[in-house]
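Visitor: Read off the chains here:
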Amino acid sequence: MDLKVKQKPESNSKTKQMTMIQAINDGLKTMLELDDTTIVLGEDIGKNGGVFRATEGLQEIFGEDRVVDTPLSESGIVGTSVGLAVNGFKPVAEMQFMGFIYPAYDQIMTHVSRLRMKTLGHYSAPMVTRAPYGAGIRAPEIHSDSAEALFTHMPGIKVVCPASPYDAKGLLIESIEDPDPVIFMEPMRSYRAKREDVPEGKYNVEIGKGQKLQEGTDITLIAWGAMVTVAEQAAKQAEEQGVSCEVLDLRTLYPLDRDLIAESVQKTGRAVIVHEAQGTGGLGNDILSVINDTSFLYLRSPIERVTGFDVPVPFFSLEDHYLPTAKRVLESIHKSVNF
Amino acid sequence: MEEQFPIKKVMDDQGNLIDSSFEEKIDQELVRTMYYNMLRIRTFDRKAINLQRQGRIGTYPPFEGQEASQVGSALALEDGDWMFPTYRDHGATLTFGADMVRTFLYWNGRHEGVVPPEGKNIFPAAVPIATQIPHATGTAWAEKRKGTTNIALAYFGDGATSEGDFHEGLNFASVFQTPTVFFNQNNGYAISVPIEKQMNSETIAQKALAYDMPSVRIDGNDCFSVYFEMEKAVNRAREGGGPTLIEAVTWRTGAHTTADDPTKYRPDGQGEEIVHPLDRLEMFMKNYGHWNEEWISETKEKIEAEVEAAVDAMENSPKANPADLFDYVFEEMPEQLEEQKDQYLAQLKGD
Ligand SMILES: Cc1ncc(C[n+]2csc(CCOP(=O)(O)OP(=O)(O)O)c2C)c(N)n1
Ligand SMILES: [Mg+2]
Numbered sequence: 001m002d003l004k005v006k007q008k009p010e011s012n013s014k015t016k017q018m019t020m021i022q023a024i025n026d027g028l029k030t031m032l033e034l035d036d037t038t039i040v041l042g043e044d045i046g047k048n049g050g051v052f053r054a055t056e057g058l059q060e061i062f063g064e065d066r067v068v069d070t071p072l073s074e075s076g077i078v079g080t081s082v083g084l085a086v087n088g089f090k091p092v093a094e095m096q097f098m099g100f101i102y103p104a105y106d107q108i109m110t111h112v113s114r115l116r117m118k119t120l121g122h123y124s125a126p127m128v129t130r131a132p133y134g135a136g137i138r139a140p141e142i143h144s145d146s147a148e149a150l151f152t153h154m155p156g157i158k159v160v161c162p163a164s165p166y167d168a169k170g171l172l173i174e175s176i177e178d179p180d181p182v183i184f185m186e187p188m189r190s191y192r193a194k195r196e197d198v199p200e201g202k203y204n205v206e207i208g209k210g211q212k213l214q215e216g217t218d219i220t221l222i223a224w225g226a227m228v229t230v231a232e233q234a235a236k237q238a239e240e241q242g243v244s245c246e247v248l249d250l251r252t253l254y255p256l257d258r259d260l261i262a263e264s265v266q267k268t269g270r271a272v273i274v275h276e277a278q279g280t281g282g283l284g285n286d287i288l289s290v291i292n293d294t295s296f297l298y299l300r301s302p303i304e305r306v307t308g309f310d311v312p313v314p315f316f317s318l319e320d321h322y323l324p325t326a327k328r329v330l331e332s333i334h335k336s337v338n339f
Numbered sequence: 001m002e003e004q005f006p007i008k009k010v011m012d013d014q015g016n017l018i019d020s021s022f023e024e025k026i027d028q029e030l031v032r033t034m035y036y037n038m039l040r041i042r043t044f045d046r047k048a049i050n051l052q053r054q055g056r057i058g059t060y061p062p063f064e065g066q067e068a069s070q071v072g073s074a075l076a077l078e079d080g081d082w083m084f085p086t087y088r089d090h091g092a093t094l095t096f097g098a099d100m101v102r103t104f105l106y107w108n109g110r111h112e113g114v115v116p117p118e119g120k121n122i123f124p125a126a127v128p129i130a131t132q133i134p135h136a137t138g139t140a141w142a143e144k145r146k147g148t149t150n151i152a153l154a155y156f157g158d159g160a161t162s163e164g165d166f167h168e169g170l171n172f173a174s175v176f177q178t179p180t181v182f183f184n185q186n187n188g189y190a191i192s193v194p195i196e197k198q199m200n201s202e203t204i205a206q207k208a209l210a211y212d213m214p215s216v217r218i219d220g221n222d223c224f225s226v227y228f229e230m231e232k233a234v235n236r237a238r239e240g241g242g243p244t245l246i247e248a249v250t251w252r253t254g255a256h257t258t259a260d261d262p263t264k265y266r267p268d269g270q271g272e273e274i275v276h277p278l279d280r281l282e283m284f285m286k287n288y289g290h291w292n293e294e295w296i297s298e299t300k301e302k303i304e305a306e307v308e309a310a311v312d313a314m315e316n317s318p319k320a321n322p323a324d325l326f327d328y329v330f331e332e333m334p335e336q337l338e339e340q341k342d343q344y345l346a347q348l349k350g351d
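Residue numbers (UniProt numbering), protein chains in the order written: chain A, 1 to 339; chain B, 1 to 351.
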């Protein structure tokens with residue numbers, strides 16, 4: 001299987017240059033058009049088109065019943081989405097920022113995650129909860145959290161996190177079509193960072209599959225979301241110093257693409273895992289255990305992790321100190337290679 | 001419900017007293033204190049917007065239009081009382097005694113910005129909506145248990161009433177009869193969502209009925225109405241009469257934040273008929289013989305100098321200290337965090 005090949009669009013092959021935020025908008029629009037049960041809801045997403053403009057123009061096309069400005073209540077948004085989902089609607093709920101998902105944590109943890117299991121499959125709550133996340137844009141406090149590990153730790157929830165416009169649209173469509181609940185994390189720092197060709201119409205990117213962005217032989221760099229760019233920068237600098245890096249974008253955080261990770265690490269024998277969430281209890285540790293389980297005997301040096309520190313995400317004057325940088329990744333690459 | 005909770009005013013839009021008995025209560029000192037503070041916070045607010053436009057501070061949420069609500073309410077507090085503001089209530093915190101340099105620092109992403117002056121009980125501005133409301137209840141509860149007469153004041157917007165924390169905070173206050181004043185600034189919008197889409201109730205004041213709590217709906221652009229109704233609620237709280245909900249009906253003149261574009265969601269011309277609270281106070285001062293050009297221009301100069309000096313001090317303050325990331329997470333730093341700190345600071349030194 002060639003992991004580099006992207007799934008080709010089903011409908012037509014016309015493409016358009018888009019940023020990630022435009023691709024997300026296009027993905028929502030595509031599903032609102034194709035599937036009458038799709039309902040997009042959240043704070044300021046209708047008339048205002050979302051604080052990042054992810055839902056721009058959608059209410060005008062699809063009306064206030066399908067693109068809904070809700071009261072300011074995250075628990076209400078997710079809780080009512082459960083009721084909608086159980087009745088055959090496909091809610092796509094927006095949390096304005098991931099740092100504001102916490103009032104809905106109770107609903108997600110105590111109901112969304114376990115409705116299917118506890119009713120032996122009688123009920124389920126297929127729904128998508130979109131959440132812009134991450135630091136690095138000088139946002140006010142709490143707006144910059146990266147809370148994926150809270151949700152990968154929850155049973156019964158898939159967690160998706162695209163790093164590119166193409167993947168954002170394809171994964172969003174796949175998430176909306178998925179029979180189970182999905183937390184869809186959107187790296188704010190990448191919303192407008194680059195444009196790329198995005199197919200018009202519907203296409204899917206499979207959940208549970210990562211992607212190899214760059215072939216390399218000496219070490220594997222594993223990242224997702226906004227940290228993919230940081231890993232790529234580090235890889236470039238390492239390359240100049242003669243270290244060949246393989247870069248993996250995980251794209252889905254639960255379930256993990258164990259095959260992709262194992263195949264790469266078995267080849268290079270080394271790895272650096274990069275994530276911006278705090279290290280302790282972070283997803284890096286689960287990736288480490290995948291490597292331990294699948295590739296222990298191939299390792300040439302201990303796995304390195306470059307993560308946020310075990311501190312609350314700080315106010316923005318300190319966020320550059322909190323966030324992993326290409327420099328910190330590069331240091332870990334050297335440490336690993338020179339072990 | 002609008003009949004049951006009429007909007008109470010002391011003066012009309014043109015600065016004329018509706019009830020002349022207030023003329024005695026509103027002495028020159030009160031008028032000048034009100035004017036000085038309202039002008040001061042407006043000057044701060046406009047400066048902050050400019051600084052943001054020039055990239056000298058981060059995203060900023062202006063409060064212009066809400067000066068009467070913020071100053072009138074803050075002036076009713078005394079030292080020892082507690083204030084629980086949101087991100088939009090710097091007008092209130094500055095009036096209550098927060099430091100202006102630190103307030104600018106806050107909007108420049110600095111933790112120093114939330115540290116109150118010695119002896120002032122001002123909690124950090126709550127960014128997650130409504131989360132500060134139960135804190136104000138708990139603090140008032142603690143003051144009651146300690147037997148003091150201190151009270152706690154919680155600020156929050158119209159949108160905040162949709163969150164669970166609003167109801168939980170009010171219910172606790174009602175059950176434990178805490179000395180809390182819940183001060184709602186109903187500025188008509190929660191970002192882009194107008195109040196009629198936020199709730200299907202005509203007023204916010206009526207929500208107190210569910211908790212058997214006294215409540216009142218006031219003209220939040222009338223600084224005297226705010227001040228005197230606050231005074232009643234504060235006295236009730238101090239005297240053991242429990243909590244009060246105040247709905248101050250006001251208007252945000254500008255954008256939700258400097259990152260927001262209100263033309264996307266506000267109908268053209270909406271709110272234009274609203275007389276700005278400072279203009280209203282100015283008319284009152286002229287109507288009742290309080291207007292003194294000399295005092296006004298001195299006051300303006302003094303305020304402008306203070307704001308400029310605060311901006312300078314903010315910009316000349318030492319850079320944020322990376323050790324602050326680690327040093328205050330715990331009283332005593334666990335070894336594993338110490339290790340992260342040492343490694344990172346060593347790496348920085350190596351640069
Ligand atoms: C829990 C939570 N959800 C969402 C947000 C994003 N947000 C910031 S301000 C705001 C609107 C608040 O409206 P309101 O309570 O009326 O206060 P105002 O901004 O008008 O002063 C929203 C939705 C937030 N800060 N916290
Ligand atoms: Mg409001």
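Check the hints yourself; a few may be wrong.
Quick look at which bits of chain A chain B covers, simulated, 3 or more residues with Cβ under 8 angstroms [what the hints assert, rightly or not]:
(1) 82 to 95
(2) 229 to 243
(3) 306 to 316
Take a look, some chain B residues computed to stay more than 10 angstroms from chain A by CB distance [unchecked claim]:
(4) Arg-110
(5) Gly-113
(6) His-135
(7) Ser-162
(8) Glu-163
(9) Gln-198
(10) Lys-232
(11) Asp-260
(12) Asn-287
(13) Asn-292
(14) Trp-295
(15) Ala-320
(16) Asp-324
(17) Leu-325
(18) Gln-336
(19) Leu-348
Rather than coming from a laboratory, the hints here were simulated on the basis of the structure. None of these values were measured; they are calculated from a predicted model. We put the beta carbon where it would ideally sit given N, CA and C, even for glycine.
Visitor: Compare the structure with each hint and give your call.
Guide: Against the structure, the hints:
no., hint, result
1, 82 to 95, "violated (count 0)"
2, 229 to 243, "violated (count 0)"
3, 306 to 316, "holds (count 7)"
4, Arg-110, "violated (5 angstroms)"
5, Gly-113, "violated (8 angstroms)"
6, His-135, "holds (15 angstroms)"
7, Ser-162, "violated (4 angstroms)"
8, Glu-163, "violated (6 angstroms)"
9, Gln-198, "violated (5 angstroms)"
10, Lys-232, "holds (29 angstroms)"
11, Asp-260, "violated (8 angstroms)"
12, Asn-287, "holds (40 angstroms)"
13, Asn-292, "holds (40 angstroms)"
14, Trp-295, "holds (37 angstroms)"
15, Ala-320, "violated (4 angstroms)"
16, Asp-324, "violated (7 angstroms)"
17, Leu-325, "violated (5 angstroms)"
18, Gln-336, "violated (7 angstroms)"
19, Leu-348, "violated (8 angstroms)"
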